[in-house]
Amino acid sequence: MSPLPTLPHPDGSGAAQQYQARHLLGLPADVLVDEVETLALSRFAGARWDVAPEGTEPLVPPARTAGAGEPGVLRTSRHTVLTGPYAATGAGLPPGTTLVFDVVCPRERGDVPYPGGGDRDGVGRAFPGGLPVREEERVVAFLVAAARRLGGSVRTDVGNPAAPGVVLTPDPGVAVDMTLYSDVWLDPNAALALVARLHPRTRLATEGKSYGGPPKGIAELPLYPGEKMDPALRRAIHAAADDVDIKALTTGAVLDGYGLLLDLGMDGLVAVEVGGEEALPLLLRGLPWTADGAVSYRVRWEPHDLVESQREQPSFEHQVARKRAAQVVAQVARTLYDAVGGEIADEADFLVDPEDL
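Residues in the sequence shown are numbered from 1 upward in steps of one, following this note's numbering.
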């Protein structure tokens with residue numbers, strides 16, 4: 001392949017700075033350019049190469065293929081394009097960065113970050129004057145998620161003299177949760193048996209408390225102070241409500257969802273939430289087995305300290321617990337996949353190869 005072209009120098013003087021934002025996505029040498037297209041298709045329905053880089057095999061037929069030394073142009077929407085890859089020289093990205101995509105999107109900023117709010121990716125630090133909203137928010141969220149997945153970094157607001165860019169290197173360990181999508185429904189007891197083999201402290205989360213009916217005398221009390229409903233009518237309404245409750249409690253219901261809980265002790269909980277799902281990741285929509293939706297098996301970690309989990313630099317103890325919990329989440333997702341098949345997605349709706357778990 002031809003040497004990568006040089007990244008264009010940022011121009012911070014034009015009026016376009018008022019309306020357009022420029023960010024950089026830096027990636028290591030072992031990343032294939034085709035992976036960037038796949039991730040873009042996972043988040044943007046209309047993503048496509050206007051100009052496909054040399055040596056790539058696009059999933060969506062491109063308008064044309066780039067010539068020698070010419071960068072590709074990946075469009076994610078009418079207003080946003082990723083151009084590249086470029087060489088990393090002069091990009092201001094961390095050592096180890098080899099490929100760079102130059103990202104231009106609408107400049108759309110909202111409120112300043114909330115002081116003390118959760119900011120595990122450092123986005124508030126990168127945009128202290130106003131967080132991205134609408135299109136730019138979607139683009140920045142994608143760039144951060146792609147950098148996390150591919151081991152890269154993001155440099156924000158390149159060429160903007162009023163707001164010097166910040167480099168974000170998302171921690172891959174932050175993304176713990178996974179979701180398995182399948183066309184197979186596991187009975188609660190079958191799912192419990194599978195997961196309990198991995199972790200003996202697993203239980204069904206469908207148990208509830210028996211309903212003892214409404215409090216005694218409630219039919220004689222007014223709904224609010226001064227309420228003047230006829231006492232006979234009030235009693236009749238309560239009696240009708242009781243009939244509905246009794247029918248619901250004595251009539252069999254079709255189970256459309258359930259959960260499992262894995263007690264990890266000092267590391268928190270892992271919850272498995274099972275139910276029907278119609279809002280599928282983009283790459284799964286339109287497949288024969290997802291035409292009517294799918295069954296989702298959401299495997300989520302619930303740490304003891306939610307505030308700590310949203311810090312950009314959490315404590316060492318939290319990181320250790322997170323690593324151990326991530327291993328459990330991956331094992332559960334893989335075990336369920338072996339039983340029901342389907343596809344596994346991470347927190348960003350990027351598909352995961354089960355062999356990598």
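No lab work stands behind these hints: they were computed from the structure.
There may be inaccurate statements among the hints.
[Said to hold, decoys possible] Under the rule of at most 16 angstroms between Cα atoms (straight-line distance), these lysine to aspartate or glutamate pairs were calculated in the EDC-like manner: (1) LYS216 with ASP242; (2) LYS323 with ASP305; (3) LYS323 with ASP177.
Computed from a predicted model, the values in this text were never measured in an experiment.
Here is what the structure says about each hint:
A distance of roughly 12 angstroms separates the Cα atoms of LYS216 and ASP242; the hinted pair therefore holds under the 16 angstroms criterion. Distance restraint check for LYS323 and ASP305: the Cα-Cα separation of roughly 15 angstroms lies within the 16 angstroms cut-off, and the hinted pair is therefore satisfied. Our distance criterion of 16 angstroms between C-alpha atoms is met by LYS323 and ASP177, whose separation comes to about 12 angstroms.
Checked against the numbered hints above, the structure breaks none of them.
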